[in-house]
Amino acid sequence: MRKKENKLSMTLHKIKEERTTYLMLLPNLIMFVVFTIYPIAWALSFMFYEYKGFGEKKWIGIDNFIRIFTRDHDFWDSVIHTLEYVGLKLIYTLPLALLLAVLLQKSCRRNSVAQSVIFMPTIMSQAVMALIFYLIFNTYNGSANQYLQSLGIINQPINWLGVNLAMVTVIIVAVWGGIGNYMIYFIAGLTGIGEEIYESARVDGAGDIRIFFSITLPMLAPVLKMILMLALVISFMDYQSIMVLTGGGPLGATNVMFLYVYQLFFPISPGSRAPQEFGYGAAVSLVCAAIVGIFVGIYLILARRLDNLTE
Amino acid sequence: MTISRRKIVFGVIKWFLVGAVCLFTIYPVIYALIGSLKTNAELTLGGSFFPKEAQWQNYEYAFSQLNFGRYTLNSFTLAILTVILTLITSSMAGYAIGRRNFPGKGLLSSLYLFSMFVSVGSVALYPLYVLLSDLKLTDSLMGIALVLTGGQASNIFLISGFVKGVPKELDEAAHIDGAGIFRIYWQIILPLIRPIIGVVALFAFRLAWNEFVTSQVFTMQNRDLQPLSVAVANLRYSANAAAEWHIMAAGASIALIPMLLIYAVANRQFIGGITAGAVKG
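As you go down the protein sequences, you meet chains A and B in turn. According to the working numbering, the first sequence holds residues 1 to 311 in order. According to the working numbering, the second sequence holds residues 1001 to 1281 in order.
If we strip away everything but chain A, and leave its shape as in the complex, we get (with noise of 0.2 Å):
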């Protein structure tokens, strides 16, 4: 008993003496307070309310996770989406990634400037290169169709931003986007392992290629799970250029879930109206929200099964 009155005491202690410390994450912490917390809670109490944006706010209960679960196939063909983008993503960013950081870890002037290049994407805004791809893009004016014919690979204009192909275009554009920052990560990681080690495996004759799969791969593992899981929570919320470069479209083929929330919100371009669902909305993001951790869960799961394996 004496013993805990003791510790609540060097606590209060503590806390009074730490007071300037507060003070000084105080303004932080109201902002995280108002611009994390908040929406968060905001999504929560809206869920079981049917809003509209104007007039009262009427409780419906679990009526719009019956109605996800049950009538909104747009919702769902839109996490197919997701899933689909994040998955394409992914697969090609990654290991090309890996590639060039493999290729251009050794740091000397050629390799610095060809990093500096592709890191480039990522300082620029996505939004208005969006604008760009949408032009170079387009079926008769867009620049990609007029070198793709002129090279005489194709005959017939390709139609890159229709149902069908859509999609590859706007991986093409992530892919854009994702390569220069992965690559450095990558790159950060493997001036991680040391020089000698690969020395030595130099010396005992291992090539280029053995040494990548026995000494590299097995080193980058630890940074390699933590960049892929970065990189899994990262697509999954991305929308933004897709949103301008084929607003979900055509036919909802692009449309992603986070961008499928956003319409319920707002109207995607300046014309056009939006539903304006506002309950709905909130139900949909957390629905979001929890799939994205799912995947995360898989993945940690998965990540430590393949751990277990290897040793």
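Calculated directly from the structure, the hints in this document are not laboratory data. Among these hints, one or two may not hold up.
Taking lysine to any residue pairs in the SDA-like style, the calculated list, with each CA pair at most 20 Å apart, reads [claimed, not checked]: (1) Lys1014(B) - Val102(A); (2) Lys16(A) - Gly1106(B); (3) Lys1014(B) - Ser112(A); (4) Lys1164(B) - Arg1183(B).
None of these values were measured; they are calculated from a predicted model.
With chain A fixed as given, assemble chain B onto it according to the hints.
Chain B only, in chain A's frame:
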């Protein structure tokens, strides 16, 4: 002999591949920059890579007819506001978490960390918009700057990680000399962590300059507050978009050039910055 030949072959393959990726990365940017100096016909019909004659009036048109002077000013104002707010809030918080020991520290750090992986996405914008317009903060760029500053837990970790690297003896000595917690931050820590402060400033500038969705939502009712990213993306929906590719390219270039100039000077900071916080932890 064979070893050096293998080296040459390897070099050729490597630079062929790297060159192809560089071309792929740089092409859209070149397309925008060169396209901004072409006539609409030159841009849409293809043919020559360079314009016959540089059409500087495309820029003139964007500035005089499409209000791009205003949008550029908005972008700079928004970016600078965001940088200032971010630096103040995250450097103090980063110092507190990186250096001080206080009850509740563990809880707070894990809360920040957790928030980096949870997102309800675009929904957040609606309650925030309603809240900030009730507070009359949507009449100026301050509202957007606050939202963009708000959710950056990653900056705190970037700074606290760097603060941990400053030798503790320095602030202990200052403490013995009678300096308080804030004074140690202001006079000892802050000057020593300038490199990471620079990185955080660059990141905040980039975020505010490039952000589209938040700025779009907050300026829907007030077009005069639009930053460049929003104004440019919406050119796609302008009345005669089909006839104005050269203007779209000029608008895009106005939005891209300042960032490209900053990148030309600070590319090492950008590249070093993303790995300082992320992979170490």
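We went through each hint and held it up to the structure:
1. Between Lys1014(B) and Val102(A) the alpha-carbon distance is near 10 Å, which keeps this suggested pair within the 20 Å criterion.
2. Using a Cα cut-off of 20 Å, the hinted pair Lys16(A) and Gly1106(B) holds, with the two alpha carbons roughly 18 Å apart.
3. Restraint check for Lys1014(B) and Ser112(A): satisfied, since their Cα atoms lie roughly 14 Å apart, inside the 20 Å limit.
4. Using a Cα cut-off of 20 Å, the hinted pair Lys1164(B) and Arg1183(B) holds, with the two alpha carbons roughly 17 Å apart.
Of the numbered hints stated above, none is contradicted by the structure.
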